[in-house]
Amino acid sequence: MVKDCGSHLLSRRSFLRGTSRFAIASAIASNSLGVAGLMRASQSMASTEGYKALVFVFLNGGNDSFNTFAPLGSSALRNNYVTNRGVLGLSQSELIELNIQNSVRVFGELESSSFGIHPECAHLAEMFNNRELAVMCNIGNLVAPVTRDQYMGNTTQSVSLPPKLFSHSDQQRQFQSEPTSRYSYGWGGRLAELLTSYNTNPLISPLISLAGLNPFQVSLEGEINPYTLGNEGIVPLKRFEGARSQMVTNYMATIDENAHLMAQKYTNVFSSATVAQEIIESAFSTAESSGVNFDDIFTNAGVESDSVIGNRLKTVAKMIKGRSQESNKRPIYFVEMNGFDQHANMLPNHRNRMREMNAALKGFRDCLMEQGDYDKVLTYVGSEFARTLTPNGNDPSTSGSDHAWSGHAFAFGDMIDGGKFFGTHPDLALGSGLDVGRGRFIPTNSSSQCSAIVANWMGVAQSDLNIIFPSLQNFDSPFDEQTNLNFIKVS
Amino acid sequence: MRYIKLTSFVFLTLIVSCGGGGGAPPEPAPSPPAPPEPPASSEISLLVDQNMAYEKSGIAAEILISRTGDTEAIEVLLAFAGSESPVESSASSNDYQLFNENDEILSDSINLVQGESTKRIIIRPVSDDVREVPETLVITAVENSGYTLSDQISAEILINDASNEYGNSRLFLGTFRSQDNVQTAASGLLSFLLQGDNSKGVLTYTYDNLGSERIDQHIHLSPSGTVIHDIKDEDLEQSGSLSQYEWNMEPGGIFTTKQQMLDTLFNGEFYVNVHSADNPGGEILAYMSFDAFAEPPLQEELTVADVDYDIVRFLNQATFGATPRDYEQLRSLIDQDGANRLQVYELWIDQQISAPRTSMQDLDNHTYSVFSEYSQSSLKRESFWPIALYANDQLRQRMTFALSEILVISTENSMIRNRPQGLGSYWDTLANESFGSYKALLKDVTLHPMMGVYLSHLINSKANEDAGTFPDENYAREVMQLFTFGLVHRNKDGSVVLGDDNLPLATYDNETIRNLARVFTGLGLSYAADSTGNSVYENTNFNRSYCGPNGSLHYCWTQPMKFFPSYHDFEEKLLFVDNGDQIVIPGSADTGVDQAVNELEMVIEALVEHNTTAPFIARRLIQRFVTSNPSNAYIEKVSSAFGQDGDLKQVIKAILLDPEARSPSVVASSSFGKFKEPILQLTAVFRLFNASSKIALGEGDADLGLIETDYVNADHFASNATFIKIGNVGGGIGQEAQAAPSVFNFFSPDYSPSGKLASEGLVAPELTLITESQIYSMFNQYDQLLHNGFVNFRRNPFSSEEARVRIDTTGLGDLWESTPGDTQEKATALVDFVDFYLNSGKLKRTSNSGTRSELIEQVESASCVSAPICDRDKLLIYGAALAPEFQIQQ
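Protein chains in written order, with our numbering: chain F, 1 to 491; chain G, 1 to 890.
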């Protein structure tokens, strides 16, 4: 088993780097750190399971998720929302009420079982009410549990905080990896390393990005590199034949280890693109001749033809549909949606974002249903942080909100224990409880706890999750009933 | 080197008895046996005057040969040896050279002329690139005729790489992470400061969150994990951290010499780990990684060809692409041997600086008037191309492009995209201060309403506790993190400043941001417009941001913002720390506009004068023009040119005229230079092959089919300038000016791709843009250019043929015809032509370049019959533009 795993790594590496087998073997032998854990994890998994895919949708810039999901009714929670959200608050009549299957745990003494979703998210409301979609309340980057007193320094007990809170680049990286000062891998990249025995196709990476290079898909050993697709898939090289193709192929082959290092890198990317192109083309043609009308389904869901997130998800749907026997059995897709950093004009801009997101996710969901893949694809939607509950102005149309800490994430698919709010919702109070200023709330569960549940569904044993998420040991198990976080159906 | 025992040279010339007073005078010692030679009358001693030699500063060691007694001419013989200890290093004869006081080279036999009683011997270190521990040299006088030896005949000196002054120290940094993937939340930082002579250093580290009780810590060797050095508990701080611990790098583990230890340190194979109760094998570890700067290249004599290549290199660094015209102009002014080239370059820079400034906003307006149909969002990207391709003030526009990648605003934000007038005005604002002061530039940028929109300090009110609103923090954060000094304090040469704990010193925290955010409160638009956008009036309403409908004049987006003092926070602000002093803006009782402006100016001044701003901006600008990995000496020189106010004219001269930018030897380096970003790659091809449409900016030319549009400022452009409406080429090549994904630009200045670049500590920011799908897309854009040119569907009232942008390859046909010889020689001439201009002749200079021979072979056998671009020319340009070597600007 160990041997199989090793030889598989060899073939992947030779594809990705174009280095000799001998060089690879010695590189692995010398790198004693980490490989042991990798082997152990691989051994613990059954490699006969079927296909599963993770689609990580990242809302870049800090989604104001306190307006994506907001309390309703006449509760104290709703009062806190109305008072503290100020001009950015959404009215009872605008919000679409959700039919919640569980009693929502709220921080402190507050109780509320009535929540709504953003007025532009009718499709998501339907999915929630149909128990396909679950919300994970108030998660965020944490090294260990933190109290307000600890954060404020009101106690002698020292506490470890995620480095550079409230900074986009740092919090994004942490949300996509672990909240440590040293970044060495993303959890998607590390996950792919642990799932090596499922991903047996040496010609294409199991890490596929629809948004360029990203921290999420960086692997620790550096042997599995993400393959990036354009929004609408890959376009073949035009008129690349005869003398032209011969010339380029020949001179690329002359670039050796003595060439400029940046020229070597360029050459490597070109060769990897050439090999992967054939595989992608074949997947696309399989998908397009499968009878699923991707364009119609997305259009019917309300996706505009120039919607970047819509086109990206359509490409992912085709890739999944076009898979073959040889395809990797645990692909990890990274899809990003931009434009959430709404320091100004939050209400109208957020409304636009929500509308586009709602349509794109619905189109994706409907394709997966049509394809018969809805039980095999978990879509996880998160953002680096939510935004301050308090606005930064007085005018409802121009005010915005600033970088905060915790936020709500959500996930959908047939495997999701949907129609529920998991975790612990904040009390939305200022100056007490979880607030560290302006309605920046301390997360009640760590983003790593949530991500660990996804990694487990993909095939990493619970006992091996710490290999990806070392900070898990500081928290209650995410699978513990008391933690109220396990959003996967008990099968 | 052999070691000579010295103990046999013991002389007893006199035995003195001191027993009891008043005794008989001592008897003379018995005469020694008669020597075979006449007795020596001169007695020789060796004295050390200066026992340390230093390679870096060139400081020499000095010894004296002195004699007593007779002063006849003699020849003193010297023997050389190394250290007695196998642990230490010994000097070999390659490490030093002997000189007399007249700077003449000496051998191992030293002549003392008649009457000369002392002789000074200077031992000069020979400088090499090898990192070495101190090397011992023992010089001993040995017997020869004409003298005897005293008991002081041996001198020991040390040859060091550099002295132990702080500036010669080298920094190794590390971060703690989990060892063997054990579960831990611990993290921390490590630094090791190696002193100049490489013999020892000071180790500091700190960490927290260890999972269980600390039990031990060591320095280990990777990958075997062999323990090299045990750090004892009594040397630790209470917290378990280590502070200013002197590690003398005594050989341990498998090592037996100090030099092995030093080599291993630089190879990055030492790590510190901490063992804990739950993880007795080690919980966390941190590698000591050399915080390397590139070494500056050595100077050398230039050949005529070197000078030719350097002129093209200079033009590719300073413009949007070298052209034969610009090359010929500079070549005619520069001597064959290039002796005056720096003066000529400087003259060229001065001319460029004084050339009339091209205005993007002005060209936008002309475009509005010429095209009946246009898109708000495509307007600015179409003005960029004529400016890059034809503007006479190339250096200023290239600098503006560089600044637009530092002081970023982007059309990815729809609020920016829909205000093209404001965007053009922002470009012009950067251009206007491109060679002025960074202070003035940063003030203009801060007050520009487009930056106000992009980083949301426009209509940003002071806190209102009752309403629960607080100032927006966006601009406050980015102006520090990205526009001035960055996250950590740096020295003038760009190296990281360490705090008392030897860890990198952060420049600010969240509290600083909150305070600084209050400075940028109360800024609103200076003007407003009515619903037609045609009538503009002075704005008196802080919250007003309406400036007319899209497509109208948008005047208010082009004018600096102004303070509405009732929305400005006049309380005291505690800002960042510089030079150990915290910048404090005192609270003010005067709450007028002037006071708010005054406060803003004080803050801009403090930001730009911050010690770290000069090296921070210097490194970024060097990366935009010359190389991704400048040496610290290079950064320091550019920092000095930056000065207090940020003198950008001196900065651009320092960047382009530095020996590091100008040395031809860098071509041999496999890391010097930068990956060309897609825009610059394409503008170089456009400029070399005169890309153009049929719609002239200024006067037309019926013979050439050029339509005139009579642009009043056409004289700011080359005479053949035309409109370049090429639609979304930026999408195809993966980069569009002023359209970065975020305020962090298209790429991070610290991006280091995995593999060899990362392991050598090198960055290659532009490689961020090179992904599999992007590389294909770029290939296809070049195919499109050669196949059918670029044309934008928004071109009314012109036809697609009039608006189509093509390159012109008639020059290549002429070159083929005019080159004598067979087809191979003709093909070689063509390949060398594109190699010369696009690649500074790098292929030709590389012996046996596979790419060059491949290009020649294919070009030679291609046909050239069809117009407008024949197959041969297509193959040549496609092949050259996309070849790996052509992606690097060296």
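Note that these hints are calculated values from the structure, not bench results. What you are looking at is a predicted structure, and each value in this text was computed from that prediction instead of being measured. Beta carbons are placed, not taken as given, at the ideal position from N, Cα and C, and that holds for glycine. Be a bit skeptical, because a hint or two may be false.
[To be verified] Here are the computed lysine-lysine pairs in the DSS-like style, where the Cα-Cα straight-line distance is at most 25 Å:
1) F:164 x G:573
2) F:238 x G:439
3) G:200 x G:56
4) G:439 x G:200
5) G:462 x G:573
6) G:439 x G:492
[Claimed, not checked] Have a look at the derived ranges for each label pair, beta carbon to beta carbon:
7) G:715 x F:241: 45 to 55 Å
8) F:157 x G:587: 33 to 43 Å
9) G:814 x F:241: 52 to 62 Å
10) F:306 x G:551: 13 to 23 Å
11) G:719 x F:278: 41 to 51 Å
When the hints from earlier in the document are held up against this structure, which numbers fail? Per hint list: 2, 4, 9 violated.
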